[in-house]
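K.L.:
Please construct the entire structure, taking both the sequences and the accompanying hints into account.
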Amino acid sequence: MSTETIIEFISSYGYWIIFLFLFFGIVGIPAPEESLLFLIGVLIGNHKLSFAESAVCAEAGVLLGMLSAYWIGKKAGTPFLKKYGRYIGITEKRWNTAQKKYMENHRFMIFAGFYMPGIRQISPYFAGISKVPFHQYLLYSAAGSLSWVLPIIAAGYFAGSLFDINPEYVPYLGIVLLFVFVIYMLFKYTKNKFN
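Going by my numbering, the first residue of the sequence shown is number 5, and it counts up by one from there.
Please note: incorrect hints may appear among the correct ones.
To be verified - In silico DSS-like pairs for lysine-lysine, Cα to Cα no more than 25 Å straight-line:
hint	residue 1	residue 2
1	Lys135	Lys104
2	Lys135	Lys195
3	Lys135	Lys87
4	Lys78	Lys97
5	Lys104	Lys79
6	Lys105	Lys195
7	Lys105	Lys78
8	Lys105	Lys79
9	Lys135	Lys105
10	Lys104	Lys87
11	Lys97	Lys135
12	Lys105	Lys192
13	Lys97	Lys87
14	Lys192	Lys135
15	Lys104	Lys78
16	Lys52	Lys79
17	Lys135	Lys79
18	Lys79	Lys97
19	Lys195	Lys104
No wet-lab data here; the hints were simulated from the structure.
P.N.:
Here is the structure:
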């Protein structure tokens with residue numbers, strides 16, 4: 005999606021389009037969230053978007069996406085896994101092991117999982133299925149989403165102010181970050197396997 009298309013969407017539908025992109029990106033429909041947040045920052049720096057409206061809509065989209073995924077996991081996750089888990093290799097033993105490991109680190113996974121593509125989409129479902137207390141989940145989700153949304157928008161703003169960044173190339177940032185993350189995870193997996 006080009007920068008002009010995003011600006012045209014925002015012009016036509018308002019800042020709620022930012023909310024929708026980020027909401028659906030968190031719920032699990034693939035979207036380059038980091039690239040979008042960085043692009044928002046660049047566009048704010050170029051005086052094409054308002055910081056306050058962009059930040060509020062981005063934060064609301066992310067947080068409500070997290071809460072929606074949590075409730076879906078809580079209400080439908082366990083029946084779904086019992087019915088279809090065996091078709092994707094999730095046995096009861098594997099699920100219990102994964103759930104135990106998740107609960108040992110769930111605060112970290114909820115808060116810092118925003119910086120890990122894939123984990124930020126899976127973690128809220130795990131939290132719901134694992135019955136993480138809602139007040140605890142809300143606290144860590146709100147803190148984690150703020151610590152993810154605002155710094156990436158700020159990075160785009162400052163990078164766009166310091167350098168002449170063509171907004172057309174910003175979406176490729178998400179691909180680069182995903183590539184770095186995959187390499188890191190492969191390195192970590194290989195290191196753990198052979199140690």
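K.L.:
What's the verdict on Lys135 and Lys79, does the C-alpha distance respect the 25 Å limit or exceed it?
P.N.:
holds (10 Å)
K.L.:
Take the C-alpha atoms of Lys97 and Lys135, compute the straight-line distance between them, and say whether it is at most 25 Å.
P.N.:
The given pair, whose Cα atoms are some 18 Å apart, holds under the 25 Å limit.
K.L.:
Between Lys135 and Lys104, does the CA-CA distance stay at or below 25 Å?
P.N.:
Distance of about 12 Å is within 25 Å: holds.
K.L.:
Keeping to a limit of 25 Å between CA atoms, is the pair of Lys104 and Lys87 held or broken?
P.N.:
Holds. Lys104 to Lys87 sits at ~21 Å (cutoff 25 Å).
K.L.:
Would you check the hint for Lys104 and Lys78, treating anything up to 25 Å between C-alpha atoms as holding?
P.N.:
holds (16 Å)
K.L.:
Would the pair Lys105 and Lys79 pass a check requiring their Cα atoms to be no farther apart than 25 Å?
P.N.:
holds (21 Å)
K.L.:
Mind checking the alpha carbons of Lys105 and Lys192 for me, to see if they're no more than 25 Å apart?
P.N.:
holds (17 Å)
K.L.:
Take the C-alpha atoms of Lys105 and Lys78, compute the straight-line distance between them, and say whether it is at most 25 Å.
P.N.:
holds (18 Å)
K.L.:
Within a Cα-Cα threshold of 25 Å, do Lys105 and Lys195 meet the stated pairing?
P.N.:
Measuring from Cα to Cα gives roughly 19 Å; hence the hint holds.
K.L.:
Does Lys79 pair with Lys97 here, judged by a C-alpha cut-off of 25 Å?
P.N.:
Given that 25 Å is the threshold and the Cα spacing comes to 21 Å, the pair holds.
K.L.:
Against the 25 Å threshold, does the CA-CA distance of Lys192 and Lys135 hold or violate the hint?
P.N.:
Distance of about 29 Å is beyond 25 Å: violated.
K.L.:
Does Lys195 sit within 25 Å of Lys135, going by the straight-line distance between their CA atoms?
P.N.:
violated (32 Å)
The structure fails to meet hints 2, 14, 16 from the earlier list, while all remaining hints are met.
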